[in-house]
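**Q** This is what each chain is made of:
2 protein chains.
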Amino acid sequence: MRDRADSPRRGRLDALHMTHERATVVGGGVIGVSWTALFLAHGLHVTVSDPLPGIETRVRAAIAQIAPTLADLGLTVDGERLAFEPDVSVAVATADVVQENGPERTDVKRSLWASIEQGAPPDAIFASSSSSIPASVMAASMKQPQRLVVGHPFNPPHLVPLVEVVPSPDTDPAAVQRAVDFYRAVGKRPQVLSREIPGFVANRLQAALFREAVNLVAEGVVTEQQLDDVVTSSIGMRWAVAGPFLTFHLGGGPGGLGDFLTHLGPTLEALWSNLGSPTLDQKTADLLRAQANGFDGPVDELAQRRDAGETALMRALGELPAHA
Amino acid sequence: MRDRADSPRRGRLDALHMTHERATVVGGGVIGVSWTALFLAHGLHVTVSDPLPGIETRVRAAIAQIAPTLADLGLTVDGERLAFEPDVSVAVATADVVQENGPERTDVKRSLWASIEQGAPPDAIFASSSSSIPASVMAASMKQPQRLVVGHPFNPPHLVPLVEVVPSPDTDPAAVQRAVDFYRAVGKRPQVLSREIPGFVANRLQAALFREAVNLVAEGVVTEQQLDDVVTSSIGMRWAVAGPFLTFHLGGGPGGLGDFLTHLGPTLEALWSNLGSPTLDQKTADLLRAQANGFDGPVDELAQRRDAGETALMRALGELPAHA
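Chains A and B supply the protein sequences, listed in that same order.
With the numbering used here as the guide, the letters of the first sequence map in order to residues -11 to 312.
With the numbering used here as the guide, the letters of the second sequence map in order to residues -11 to 312.
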């Protein structure tokens, strides 16, 4: 690895006051690659640690696929600052930040974090991308569980701004703040949850809407494609700009959310009691699978179209003070 | 009212082949005004029918407020094509389209539709903006219930593309198709539901997500403002571009939604069973009301910012073939 003295000083990295120069990304899967591209694009040196043979070729190829999307957002990925080290204790030896993206298995996470803690500098930021295992569980084998937070991105992290920062009851508030500062410095919009809860916030909300989506398709009210179009042409475009609470706050007129609840609370509660509770049994899964054939194109083409849409949206909203 | 012969022929109206020149908007409240502005902006003559004294001044003032937003989207509102007629039977006498936005009361709706049917030409399109009373209930006093559909917009209709077209069991499929064609001609994205269901689709999905949003705030996991920021910076921006089914279809990799359900179905079902079931009791309503004070500005200012964001988003996505 290079010496700190010859690190380039430029762009957003300046805002970090050179406190985060070196990131170690543990796990070179889809999420790890996406973080790697983002960190490189913000001027960090990145070491990817993954024992898989051929990982360097895979990761570099995947980053080359992501680079054009980041270029669309004005960010350049410099592959010369990317290194690989399969031994995780060695890979974290000079890290300012460790972002871990190992398999979602408790035993693997615990073992990884024990090794990371052993090898990393005492002031390195420790964050796990885990979507389902809380920091309190992962930190069971750590000597300093107060250092660990979950830093859960919404896929893909190089594009979607949200990072859910979830402390365990043991996490030091200073560790939370340092993680938040770091994510902001690489252009993310971190949100700190007050406590651990299954699915965190975004996936719980997504699951809640999807449950009713499955119900409406299973009941034959609309098709998957119709339901998607309902969402993109109404609540989706609304929630890209104003969240659900602000939406209803503005729906209440000058009296805001208070008036909204007074006038429409009973209607809302009646609707809640009318929502469906589908299961993903064989019949429902078969129906959902069959209707998914109606999407017009192969998955990679559709994903490219979606990413083009999201970058266009981000550019458009990025111009607004509310999203600056 | 003017004679048909001197109607201007221009813009999107050409696409209508001059079959819809005259709209009657029944009810001059917020939704009626928004439809009126949209119809004017697409070159139609509009008659607003509302018995409220001073309605013309109110409606013209409200349209003047909307006009700049439509101008942002390249649409001009011509107030010279706007007329007022308090007697609904007279107001619909030469209408090609009647869009009704009366109070959400069954007796009022039934009486309005009986009068509209009596006064309107035999080939006029009949649509109600009702969000809660199905066409089958409103049409109870009509001689030709097969003519009526619900054409439910997502507020505000001059901006948000969705219109949910909901037939009753009696509605003639040809009436549904004519309503769809009309909404498309004025730039909307209509979706036809297979049958009547409380809340239709968009409001059911919105209610499902909001229920869990209320749960997370009531449980103290995040504040309203944090939750809104989680949504705008993740699922909101995602669903503005790709709906929930396409999102999970792409989340499944090359195998699409089928693989997604195989791998993540159990996780999703576990999350469903963990979601909250809050009520809007006094304590919860008080908390929601109190936190709404945290939104930074008066409602009208916040609404203007939201509308600016939505027009920026629509311009950005409108450039994409998928949204053309």
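There may be inaccurate statements among the hints.
What the hints assert, rightly or not - Taking lysine to any residue and the SDA-like style, the derived pairs with C-alpha atoms no more than 25 Å apart in a straight line are: (1) B:LYS131 with A:ASN143; (2) A:LYS271 with B:GLU184; (3) A:LYS271 with B:LYS271; (4) B:LYS271 with A:ASP247; (5) A:LYS271 with B:LEU263; (6) A:LYS271 with B:ASN281; (7) A:LYS271 with B:GLU289; (8) B:LYS271 with A:ARG183; (9) A:LYS271 with B:GLY240; (10) B:LYS271 with A:TRP260; (11) B:LYS271 with A:PRO254; (12) A:LYS271 with B:LEU252; (13) B:LYS271 with A:GLY243; (14) B:LYS271 with A:GLY240; (15) B:LYS271 with B:ASN281; (16) A:LYS271 with B:MET302; (17) A:LYS271 with B:GLY17; (18) B:LYS271 with A:GLY246.
Said to hold, decoys possible - Reference listing, derived: stretches of chain A covered by chain B, where coverage requires no fewer than 3 residues with Cβ under 8 Å from a Cβ of chain B: (19) 26 to 34; (20) 52 to 66; (21) 138 to 148; (22) 188 to 198.
What the hints assert, rightly or not - Facing chain A, a subset of chain B residues (Cβ under 10 Å, in silico): (23) GLN132; (24) GLN134; (25) ASP217; (26) VAL218; (27) THR235.
If you are wondering where the hints come from, they were derived from the structure by calculation, not from laboratory data.
Glycine included, each C-beta is placed from N, C-alpha and C at the ideal position.
**Q** Compare the structure with each hint and give your call.
**A** Hint by hint, here is what the structure shows:
| no. | hint | in the structure |
| --- | --- | --- |
| 1 | B:LYS131 with A:ASN143 | violated, 54 Å |
| 2 | A:LYS271 with B:GLU184 | holds, 24 Å |
| 3 | A:LYS271 with B:LYS271 | violated, 41 Å |
| 4 | B:LYS271 with A:ASP247 | holds, 16 Å |
| 5 | A:LYS271 with B:LEU263 | holds, 23 Å |
| 6 | A:LYS271 with B:ASN281 | violated, 46 Å |
| 7 | A:LYS271 with B:GLU289 | violated, 49 Å |
| 8 | B:LYS271 with A:ARG183 | holds, 21 Å |
| 9 | A:LYS271 with B:GLY240 | holds, 19 Å |
| 10 | B:LYS271 with A:TRP260 | holds, 18 Å |
| 11 | B:LYS271 with A:PRO254 | holds, 15 Å |
| 12 | A:LYS271 with B:LEU252 | holds, 17 Å |
| 13 | B:LYS271 with A:GLY243 | holds, 19 Å |
| 14 | B:LYS271 with A:GLY240 | holds, 19 Å |
| 15 | B:LYS271 with B:ASN281 | holds, 16 Å |
| 16 | A:LYS271 with B:MET302 | violated, 38 Å |
| 17 | A:LYS271 with B:GLY17 | violated, 45 Å |
| 18 | B:LYS271 with A:GLY246 | holds, 13 Å |
| 19 | 26 to 34 | violated (count 0) |
| 20 | 52 to 66 | violated (count 0) |
| 21 | 138 to 148 | holds (count 3) |
| 22 | 188 to 198 | holds (count 10) |
| 23 | GLN132 | violated, 25 Å |
| 24 | GLN134 | violated, 21 Å |
| 25 | ASP217 | holds, 6 Å |
| 26 | VAL218 | holds, 5 Å |
| 27 | THR235 | holds, 8 Å |
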